[in-house]
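Asks: The listed protein sequences correspond, in order, to chains A and B. Numbering (my numbering) for the first sequence: 1 to 243. Numbering (my numbering) for the second sequence: 1 to 99.
Hints in this document: simulated from the structure, not taken from any laboratory. Here a beta-carbon is modelled for each residue, glycine too, at the ideal position from N, C-alpha and C. One or more hints might be untrue.
What the hints assert, rightly or not - Derived CB-CB ranges, DEER-like:
#1 A:Pro165 to B:Leu10: 26 to 32 angstroms
#2 B:Leu14 to A:Leu235: 19 to 25 angstroms
#3 A:Arg163 to B:Phe59: 55 to 61 angstroms
#4 A:Ala21 to B:Ser92: 17 to 23 angstroms
#5 A:Ala21 to B:Ile65: 36 to 42 angstroms
To be verified - Beyond 12 angstroms from chain B on every Cβ pair, some chain A residues (computed):
#6 Thr14
#7 Ala17
#8 Val23
#9 Gly25
#10 Ala66
#11 Phe70
#12 Val116
#13 Tyr156
#14 Arg163
#15 Asn164
#16 Tyr168
#17 Ile174
#18 Ile222
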Amino acid sequence: MHIPDGMLDPKISTGSAFAAAAVIGYCIAKVRQSLAAVLPEAVFAGIGGVVSTVKSGVQKTFSSVAENHFARMGAIASLIFACQMFNFPVASGTSGHLLGGIIASVALGPFSGAIVIAAVLVVQSIFYGDGGLMALGANILNMAVIGSFACYYIYYCIHRIFRNPAGYYAGVGISSFFSVLLASVFCAVEIALSGTVALDQVVPAMASIHSVIGIYEALLTIIGLEILRSLKFELNGDLTVEK
Amino acid sequence: MKSSARNIFLVSVLVVILAAVFASSFPDGLEKVAKILGFKHKGTSSPSVFIDYNLSAPFMTNGIISTVIAGFIGVFIVYAVFRLAGFLISRSFSNKKAA
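Pulled out of the complex, with its shape left as it was, chain B reads as follows (with noise of 0.2 angstroms):
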């Protein structure tokens, strides 16, 4: 089973590098929404470490690599937060009973 959700996180991986290259840059749904009723400039965007999935470091010019990296970190964020969850969750249970 564990083989399993390596394989999947492979494949997340996979997708990062088609999204990089192939993603549309057109605006998603609520933007589209938003710039035809006229609200789009009330949204503000709030500070963050990779603003549209970029690293915003200067010496980062090709765009698609850029968002490759970011992607992967996000990827590997999302996972390491489950996989820290399930040791402490499993440990605490394990404390508990040695109590």
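The following block holds chain A by itself, in its conformation from the complex (with noise of 0.2 angstroms):
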């Protein structure tokens, strides 16, 4: 659902381009935050610029833990843009793909996750022509910050009530359900308060074809997260401090 440009209005790709940037500013701030506390003395040794031998040790252990999470980011969206390059068939000559929201924020927390899925944005934009550049703040507010963020509570509410594997496999399904859906959802409001299309009409359009990606996307989102698992990938690991 990837929006070109010629859909939006100025007003809309701009304000979305906005509500976008504060969401993924926060996360990227959210990121740095839980880093650094994974090294309070580093901070406070830049600060009071402080040197001893074994602040330099713990020194050497944050840097491996940064570039660890951040090769584990990298890992992940690599993915997610392959996968999104494979469309399935789905019903009656429409085809659909992984959208990976799900993936990117079980795997890396919520944070890193938007993340990941708006850098793939911006690269499919960029180089792809995947999505249009104008509507790429549209973009990334349905799939990253709607897709990924805030569907990520689902889940993690899901799974706190239940916490049980059941609970699990539960809040992935659903999550990764509602974060095509509800990313279909505001896809087809943004376009229609462009003056594109009725409202009426392209909101139900959109649901009713995204509800049966979102099948797909909620088996394929277990799957991938088995599959992470199994090649011993920890999910949302090595930074717990992200919640």
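Two chains, each in its own frame: build the complex with the hints.
Replies: Written out as structure tokens, the structure reads:
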């Protein structure tokens, strides 16, 4: 559901770009903060200018934690980029592909997950013409902010209430279904508010097609996360501070 | 942990190959709705390097190979962006400490 240029009016694309930038900026700040929390001494040492051999040892640990976390983000980003190329046929001459919002946020945490989806969308838009440049803010709002970040909390609530494997699978499945559905509804509303098409036509049409795609998303997300686990990729493992 | 990141990078490369061979060319959900409701013509394609995940090179006649290469480049770009960000951030923290 990458919106191309021409379907949104400038007000809607600028407005959603600001909204998307605010949330992604917040996510970047939270990731920085959680990385700093891994090693508060490093930050204090930076302020005080205190250098000691003990701290330089800790510094090394910090560097490897930070680089490791970014390597994990990069790996998930490349996986989602690849999966989004893979369109599978759904009902009546329509195709869909994995959005991957819940894979990213469950694997890395909601803040890093949203950043990963946003980065994938930026690369797709700049280099592949998949989603317009002017519509990039709206696409990030729909798929990264709503589809990954906001819908993570559906998973989080379900898994909090049912702290067992069934609760985990239900949480992943239901949240990924809604990540596609809600992203498509947001997309439809943005296009309608731009005056491109009537709201009462586009919202039901988008919602009905994407509720079918959402079922695939739920299954593929569960399978995808199992594959990550089997590759010894700890889900949300390194930075548990990210809550 | 880093080895698991590399394994996932390799899985992505595999997915790109599978996607190039098997991906459906049906319109996606939004395109389909735009077609039915008659606003598809409003969408304009923005200029970019790899249109429709293809190398737009004259010597590239095989669609599958072209998509595989375009996909590899994308997978590599997103991975590299994060590795670079990680390198810069861990260095920025080290520099703060050294100062």
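Asks: Kindly indicate which numbered hints from before are broken by the structure, ordering the numbers from low to high.
Replies: 10, 11, 12
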